[in-house]
Amino acid sequence: MKFDWRFNVFGKPWIWSYLGAFLVWLAAILFTHGYGAGGMLTAALALAVFSVIAGVAQMFVITLGPGNVDLSLPANIGLASAVAMKMMNGSDSLIAVGFLAALASGVCIGIFNYLLIWLLRIPPIISTLSASFIIQSAGISYGRGLQIKPPPGYAEFTSAQIAGIPFLAIGTAIFTIGIGVILHRTIYGRSVLAIGQNTRAAWLAGVSVERVRLGTYVLSGALGGICGSLLAGYFRGSSLEIGDEYLLASIAVVVIGGTSVSGGKANVPGLWGGALFLVLLLTMLNTFGVSAGVRFLVTGLVIIGVIVAAGGPRSVR
Amino acid sequence: MSYLGLNLMLNLGLPTALATVAQMFVITVNDLDLSIGTFVSFVGCVAATWLRDAPLLGYAVLIGGVAVYALTGAVIYLRNIPSIVVTLGMLFVWQGLAILVLPKPGGKPPGWLHDLMNFHMPYVPFPIVAAIALAALVHIGLMRTSYGAILRGSGGNPSAIGRAGWSLLKTKVVMFALAGVFGVFSGLALVGLTTSADANIGKGYTLLSIAGVILGGGEFVGGRVSPIGAVIGALTLTLAGSLLNFMRISPDWQVGAQGGILIIVLAARAMIDQTGRRTV
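As they're listed, the protein sequences go chains W and Y. For what it's worth, this note's numbering labels the leading residue of the first sequence as 121, then goes sequentially. For what it's worth, this note's numbering labels the leading residue of the second sequence as 41, then goes sequentially.
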């Protein structure tokens, strides 16, 4: 049984995420007898964008190796959405200022996360978790009573579409191709993969491990900032809870998309498959008209099902 | 400090301490349970509804919850997958179930539970006695028995324990089941105090429990934990919460302050470790 893996499509883990996305979409339109099939896809593409951006951030961090995960993404996204809206102040001329401010807030969070990991030598899970509580408080205090609408031009930009394909989705698709190139063709990307496979070996081979780690947490923070400012535009305003669902979503998208949770192996095309699958799954559950409780339950079970299927049996030594 | 004041301040420390001990069991075997908070919520919702109206069903569901915890441990071990992803999934499962059991805040715990949690002892506040009993019980079980040493060893040096003929699957399942049991106790204690439940009642317990274990001297890897430290850590965090209230720190910054406390403790420990290494 030796297939050439290059020609064996089913050997590629990300095929399954697209297949899953297609199946849940099919189930949803069978339920509505084909009504709204195209609209469903347009909406799914628009929403998948945010999961993909958060997923790229989480993918780089997770690829660094076991224990690396950015739990501060939701709080980061929430704060960035507030920063963007406050800086733009509803005026079209300040869009760039607000976007850059949100980006800067994300970069600062990334640096803060890395400093905690590096100075205190605690696992990234705990440092990003404790950082997320501080960021959350900063967000509450900063965004109190904030009800600023996004500038009309910005709101239009985030929901513009060409022939049913959201503008943002096209932009993010190009962005993810760039990410694929960075991951596989640049020194930085290959260093991330090398550190995830074996940190000590990477260090001995001359990879500046700490610098790559810093870069990765900053990248994750920056992407969180971008995600937050885009979300605020798309949903016509900021809120602290805007990022809440992206903790599960970012990790789930990475896992479903075939990136190895133990690090060292990343998969970019799978992010889109995973994001579309998750969004369409929620769309399907919504068309079935299930309650919030069932929605939580099914999402949780799907994540566990995928990770259980993805994990290998323990090797017996 | 008056008897009543101390009682009030420490009361909420008990469910926190129980959740912290639950988290400690999971940390002992090098895993992390992100779902303990929503599990406590779920237990709270069950306790405030079925446990009062249909006690048999209520007990069965709670035992089922412990069984699911044991199963989670088995799956994590057998499929060799990271606990954070699995327990993140379970976080949503428990949250969903809690909303299904109790869609709107309300309910009422059974009378015995309320009486137990509001039991007034002469001279010494009940929460203190209960916390000491809890710490002593877990300390003896985990630190002083031979199987307790095996359990800790399966986190410290799994291959050695495995080669010595102990089942690592069994230790993982036992630790997760214990986490489930103490999670159930935590939810029951919480609802006994608050006299009603809602689906988000235990949300903060995931952070509090992890912080409590670390504050009490536990380490993330290597099976090095301290049950007594964990209980003290949980009570300290509860008191710190009350202190922040007294100091009139704006509620906006309450969560942030808890994150800050955690960072300060870890920073202090990193410094102590460094100076310790220098002198040695």
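In case anyone wonders, no lab produced these hints; they're calculated from the structure. Treat the hints with care, as some may be off.
Said to hold, decoys possible - FRET-style restraints, in silico, Cβ to Cβ:
hint, chain 1, residue 1, chain 2, residue 2, range
1, W, Asp212, Y, Gly300, 37 to 45 Å
2, W, Arg356, Y, Gln294, 45 to 53 Å
3, Y, Ile304, W, Tyr262, 54 to 62 Å
4, W, Ala293, Y, Ser207, 47 to 55 Å
5, W, Leu239, Y, Gln294, 20 to 28 Å
6, W, Ala293, Y, Asn120, 31 to 39 Å
Claimed, not checked - A short list of chain W residues far from chain Y (calculated; beta carbon distances all over 10 Å):
hint, residue
7, Thr162
8, Ala163
9, Ile246
10, Ser252
11, Phe253
12, Ile255
13, Leu266
14, Ile268
15, Gln281
16, Gly298
17, Val329
18, Arg331
19, Phe355
20, Arg415
These numbers were taken from a predicted model, which means no experiment stands behind them. Where is the CB? At the ideal position from N, CA and C, for every residue including glycine.
Okay, the hints, checked on the actual structure:
1. Take Asp212/W and Gly300/Y: their Cβ atoms lie about 39 Å apart, and the range 37 to 45 Å holds.
2. Take Arg356/W and Gln294/Y: their Cβ atoms lie about 30 Å apart, and the range 45 to 53 Å is violated.
3. Take Ile304/Y and Tyr262/W: their Cβ atoms lie about 22 Å apart, and the range 54 to 62 Å is violated.
4. In this structure the hint that Ala293/W and Ser207/Y lie 47 to 55 Å apart at CB holds, the actual value being about 49 Å.
5. At about 25 Å, the beta-carbon gap between Leu239/W and Gln294/Y stays in the expected band of 20 to 28 Å.
6. Taking 31 to 39 Å as the suggested C-beta distance range, the pair Ala293/W and Asn120/Y conforms, at roughly 34 Å.
7. Remark: the non-interface label on Thr162/W is consistent with the geometry, its nearest Cβ contact in chain Y lying 27 Å away (cut-off 10 Å).
8. No beta-carbon of chain Y is positioned within 10 Å of the beta-carbon of Ala163/W; the least distance is around 22 Å.
9. Consistency note on Ile246/W: stated as away from chain Y, yet its beta-carbon is not over 10 Å from all of that chain's, at 7 Å minimum.
10. At the 10 Å boundary, the C-beta of Ser252/W falls inside the reach of chain Y, the nearest C-beta of that chain being 7 Å off.
11. Some Cβ of chain Y comes within 10 Å of the Cβ of Phe253/W; the nearest lies about 3 Å off, and the non-interface call is violated.
12. Against the 10 Å criterion, Ile255/W falls within the reach of chain Y, whose nearest CB is about 8 Å from its own CB.
13. Chain Y leaves Leu266/W outside its interface by the beta-carbon criterion, the shortest separation being 13 Å against a cut-off of 10 Å.
14. The Cβ of Ile268/W lies farther than 10 Å from every Cβ of chain Y, with a closest approach of about 19 Å, so its non-interface assignment holds.
15. No Cβ of chain Y approaches the Cβ of Gln281/W within 10 Å, the least distance being about 31 Å, so the stated non-interface status holds.
16. With a closest Cβ-Cβ approach of about 27 Å to chain Y, Gly298/W is found to remain outside the 10 Å limit, as its non-interface label requires.
17. Once the 10 Å rule is applied to beta carbons, Val329/W is consistent with being away from chain Y; the minimum gap is 19 Å.
18. With a least CB separation of 21 Å from chain Y, Arg331/W remains clear of the 10 Å interface cut-off, as annotated.
19. Every CB of chain Y lies more than 10 Å from the CB of Phe355/W, the least distance being 22 Å, so the non-interface label holds.
20. At roughly 7 Å, the least C-beta separation between Arg415/W and chain Y is not larger than 10 Å, which violates its mark as non-interface.
When each numbered hint is compared with the structure, violations occur for hints 2, 3, 9, 10, 11, 12 and 20.
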